[in-house]
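A.B. asks: Chains G, L and S are the protein sequences, given in the same order.
Each residue of the first sequence is one higher than the last, beginning at 656 in the numbering used here.
Each residue of the second sequence is one higher than the last, beginning at 177 in the numbering used here.
Each residue of the third sequence is one higher than the last, beginning at 45 in the numbering used here.
Don't read these hints as lab results, they were simulated from the structure.
Since this is a predicted model, take the numbers as computed values, not measurements.
There may be inaccurate statements among the hints.
Dumping the calculated SDA-like pairs for lysine to any residue here, alpha-carbon to alpha-carbon at most 25 Å [to be verified]:
hint, chain 1, residue 1, chain 2, residue 2
1, G, K923, S, R73
2, G, K997, L, L426
3, G, K726, S, F254
4, G, K1039, G, V1013
5, G, K997, G, L1020
The following label-pair restraints were derived from C-beta to C-beta distances [claimed, not checked]:
hint, chain 1, residue 1, chain 2, residue 2, range
6, S, V88, G, G1032, 51 to 61 Å
7, S, N103, G, E742, 52 to 62 Å
8, S, A162, L, L478, 33 to 43 Å
For every residue, glycine included, the Cβ atom is placed at its ideal position computed from N, Cα and C.
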Amino acid sequence: MTVVLEVRDVVQEYPGVRALKGVSLSLSPGQVLGLVGENGAGKSTLIRILGGIEQPVSGTVLVHGEARQFKGSAESQAAGISVVSQEFRLVPQLSVADNIFLGHELTSGGVVARGKVRQRAAALLETLGMDLEPDRLISSLTVGDRQMVEIARALSREFDVLIMDEPTAALNGAEIRRLHAIVEKLATQGKAVVYVSHHLAEIFDICRDVAVLRDGELVLTAPTTSLDETQLVEHMLGRRPQTFERATDGTATDDRTATARLDVRELKLGGFDAPFSLRAGRGEILGLAGLVGSGRTELTRALFGDLAALSGTVTIDGTAVRLGTSRDAIRAGLFMLSEDRKGEGILPHLDVTENAMVSRERSSLRGRARWAPARRGEESVFEKLRQDMRIRVPHGRQLIGNLSGGNQQKVLFGRALLSGCKVLLLNEPTRGVDVGAKVDIYQLIRTLADDGVSVVVSSSDAPELAAIADRCLVYFAGRQVAELRGRDVTEENIVAASVGQVAGGDVHV
Amino acid sequence: MSTTQAPIEQRAADQRPGRGGSRPAVLGFLGRQYLLLILIVLAAAVGLARPAFWNGGNLENVLFQASFVGLAACGMTLLIAAGLLDLSVAGVIALSSIAVAKVLPYTTIGVAVLVGLLVGVGLGVLNGLLVTYVRIAPFIATLGTLYLFQGASFIWTSGDVVPVTSFYFRQMTTGTVGRLPVSFLVFLVLAVLTYLLLNRTYFGRTLRAFGSNERAATLAGMPVDRTKVLVFVVAGICFAIAGVFMTGRLASAEGTMAQGFEMDVIAAVVVGGTALRGGRATVFGTIVGALLFAVLANALNLLGIASYWQYVVTGAVLVVAIALGARRRSAAEVRGAG
Amino acid sequence: MSDHTPTSTLVADDLHAQERARSAARARRAAERERLLQSVGIVVPFVLVLVAGLLFVPNFTSGSSITNILVNAAVLAITGYGMTLVIALRGIDLSVGSTQALSACVAAASVNEWGGLAGAVIGIAVACVLGAVNGVLVTSLRVPAFIATLSTMSVFRGLALLFTGGAPILIASSGYKSFATGSVLGVPVPFLCAVVLGAGMWFLLERMRFGKHVVAVGGSPEAAVDSGIAVHRVLLGAYVLAAATAGVAGILLASQLGVVNGSLSAGLELQAIAIVVLGGTSMAGGRANIPGTFIAALLLAMINSGLNLLNVPSFYQYVALGGLLVFALSLDGVQRRTVRRALEGRTS
């Protein structure tokens, strides 16, 4: 069997983390390989290396048996590797057609052949089953359509290997089926496809083989027919999947909702027709699920005053909250941790102590303490946090930028705790966090809830919500389509509801 | 000076990732020594080529020059640590100096200086509002106000020079204590205050926080906009203080008295080791940077090199310092990725 | 994925169709708002200044005044084209004034030595070298654009003053001088140059691969990198072009003035930035508007000329320019916010 792409002993390191610990993998033409693993297992790193965006510390990538070193994505593309990246890498100011052919424009003498570009773009979109004007600007598209343009772009290049990093994260049921058909067609044409997904059902549907990454190591490569879903999960986790040690059942949840701590009524947001309403009880962990673009992220941002709401009321413990700025929200007892920890969470040039202290309530302070922080006091407060939260850091003067994702997240949890919040809004709380710290963070969330804080967790990780949420609301295109309680909060129910198929739970359409 | 030095080194030591113990402290100390070393070598070389460099009068000149740049650079250090920048230094200095010179004949020295500082506050507020509420990028907003302020000062003076005749004012601003000019002592005091403001107050913490990551600081509920305006105000006061001493030294004030000064000030801060990207600053570095530029200018002068070379040298030194800093930082960023 | 009921899928498709229609409507509204604000930003001031000039400024429509306006506008516009490119890339070039001075001085000296054509070529070549210096600083050495070009503004100015020794250079060649002072069908040659260069620049940006790359790098640098665009090469090219246009404008200026000195075009960077932003090119990158730059250059030239004719002291021109810049920049901010709001679906 010929090999089109081979990876040998690839190692990649970030500060404090070995993201890939010698991964070897090979792909033959016509093979559809599923690549699975938990968040932080190294899938994205591997893809970035294959796409030429990162260079490995050691190891080689061979294309058609020839060792290659990609210095940039252009070189990787020239070698016949096309990547559909997870983040949207489209230029909002350019048209759909221009974006599809960006970097490999159809030109004659430097002049773009506009007719040809438009024609080919329309044809490509057609094969994807998209009815989209090639001249429309990207900024006018929905998230799902943007994802399809991203896929069209990958298909427009000459390639032997197509790598798709969670291509279905923003697609609905019909679109997913169309995408699967295309993947199958590509395989029959002799293209090799690497398909990354969190939804294991997909892997079994379309992949011939599956490779499992765990903590930067390739633990298994096997035909999908030789496994079932439970076994696959076992390999991903490295242990038997625990059926959730749920602390609560449905009845307890009902009690909590009765004494609503956070009450959102008819909150209307720009870009969504239906208003959002929800209640979260004292000590309840409320999950928000849905695809990218379903509105759950926007909802948490609006509650925190980071996105303007058009109308509606929010009350905490019966007191109305003025929706204005994040500062107002914090005063009212809300706190939010963003999913983008590096861009919106940490203050990289400040040490961990300062990072934890910045949102601390200090209106009650008097005199010198009012404008100058007391060093000793802060040090002892941080020391306590460090022990309570098991933050792995040598001393409180360490810069936060040098910590691992999990430890950074714990420091940010400390910030939230010190803000004295009553309602904590979490977006993707364990994204980029290693497995050990993940468990700690789940425990932290539970402890906070037990202290009476209402925790609202918005996550795209269905198993995560299934593990920690007392109750889960599922959103689709800006509408709440399901409310799952207690034992109904399962991965299957969440996934089914988020792609627009309602199974179980209360239906609200 | 030793009081400022020790804590700064402590911080520098902590900023080195992944290593514990005394080694980073030593490295941090050496890192600072290298700038001091350049200063000493430069001074020695100039002294060797032109022994006149060591004359009391000349050294005093160097210290005067260093204190003008340094006083303004204290404010600029805060701005740069906050990820901001002010190119309107020359305009603020001109307007506040003209204000001092204009009111001096009618009132006491104290009131005149106060008026000058108030002008600095007012112009700082204007810059701050343009940057925060009108949301114009700092360098371009202050480039606009530079022209605005200079235009205003020309209009105010009708393009003339405003002389200062007050003997006491000149004596106060150009006097010396021992061999050290008053202005230099004021500069050192201001530097210590700047250090304390930056590292020991909530104000300083907030400004470093949004200098480091503005989105994160906003989402942490810090008063970003208000603090930004305040930073511009504090910087405006620093510039006005520099203006007061310059007025005394020149015995006059005019629209062009500080033209091109922003380059020297930014260069002193950046060469001193404060990164333009914000988030942290070294006040001690700014002191050394100010001295370095004063010695350099003095050397060019003593060696009889055409004054036009100063443009070239200042620009080149600034860009080299930033390029070196960017190189160092990019290495650190690669390590800090992910 | 298997067990779904047809009805729920229908509901999902329905919701999606609605969402799509909404986002298309939002995009239309955003585009309308943007067009409206752009015309408010440039057309309205243009008409106001024109009418005010016609009504209140004596000799505004005299032949020499119009020629003066057109020539000044041409020099500004040509410099502005390069600046448009750089700003669309989220960069800035503060050194255009100094670049123009140095290349005009070198060109003037070369004209006296080797003749008109050689002088012009040498002048533009010098400008390209200076642009390459800026480009290398910004790309390979990773110095932020504004501080790199602030530094080179000082360096190039110093070099220009050193080159001339502080004395003016008189251009002896009358043939060279007649180029910029000549006219075709009553239209000054520099103005024709500005129109032709503007058309060329527009074509480069709108129709050519380089232009697409400029928009991509300015609009979303990450996307550009991932698409395999050589970002550094695009940036380098833009800085060289910016300097080259400044050089071309400098040569026309030298030809028109007949005498140049080291402090030529001081403060030009501010005028160039002002016209570019006023013309609708966003400081946030990804949007370049060459016709806008051209119209804004005409506007600024009219203002300058009007103030001159009214014998307003030149200090006030500083203030007018500063005010114009602040106006243009605030409008840019308002425009960006309005478009973002419209895209988010807020109506207010």
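A.B. asks: Taken at face value, is the distance from the CA of S:F254 to the CA of G:K726 at most 25 Å?
C.D. replies: Distance ~22 Å between G:K726 and S:F254 Cα, so the pair holds.
A.B. asks: Straight-line Cα separation of G:K997 and G:L1020 no greater than 25 Å?
C.D. replies: The given pair, whose Cα atoms are some 31 Å apart, is violated under the 25 Å limit.
A.B. asks: Are the Cα atoms of G:K997 and L:L426 separated by 25 Å or less?
C.D. replies: Violated, because 50 Å separates the two Cα atoms, which is more than 25 Å.
A.B. asks: Hey, G:K1039 versus G:V1013, does the alpha-carbon distance stay inside 25 Å?
C.D. replies: Measuring from Cα to Cα gives roughly 16 Å; hence the hint holds.
A.B. asks: Does S:R73 lie within 25 Å of G:K923 when you go C-alpha to C-alpha?
C.D. replies: Holds, at roughly 19 Å.
A.B. asks: Has the hinted range 52 to 62 Å been met by the Cβ atoms of S:N103 and G:E742?
C.D. replies: Because 60 Å falls inside the window, the suggested range holds.
A.B. asks: Do the beta carbons of S:V88 and G:G1032 sit within 51 to 61 Å of each other?
C.D. replies: holds, 58 Å
A.B. asks: Is it true that S:A162 and L:L478 lie within 33 to 43 Å of each other by Cβ?
C.D. replies: Since S:A162 and L:L478 have Cβ atoms about 41 Å apart, the given range 33 to 43 Å holds.
In this structure, the earlier hints numbered 2 and 5 are contradicted, and the remaining ones agree with it.
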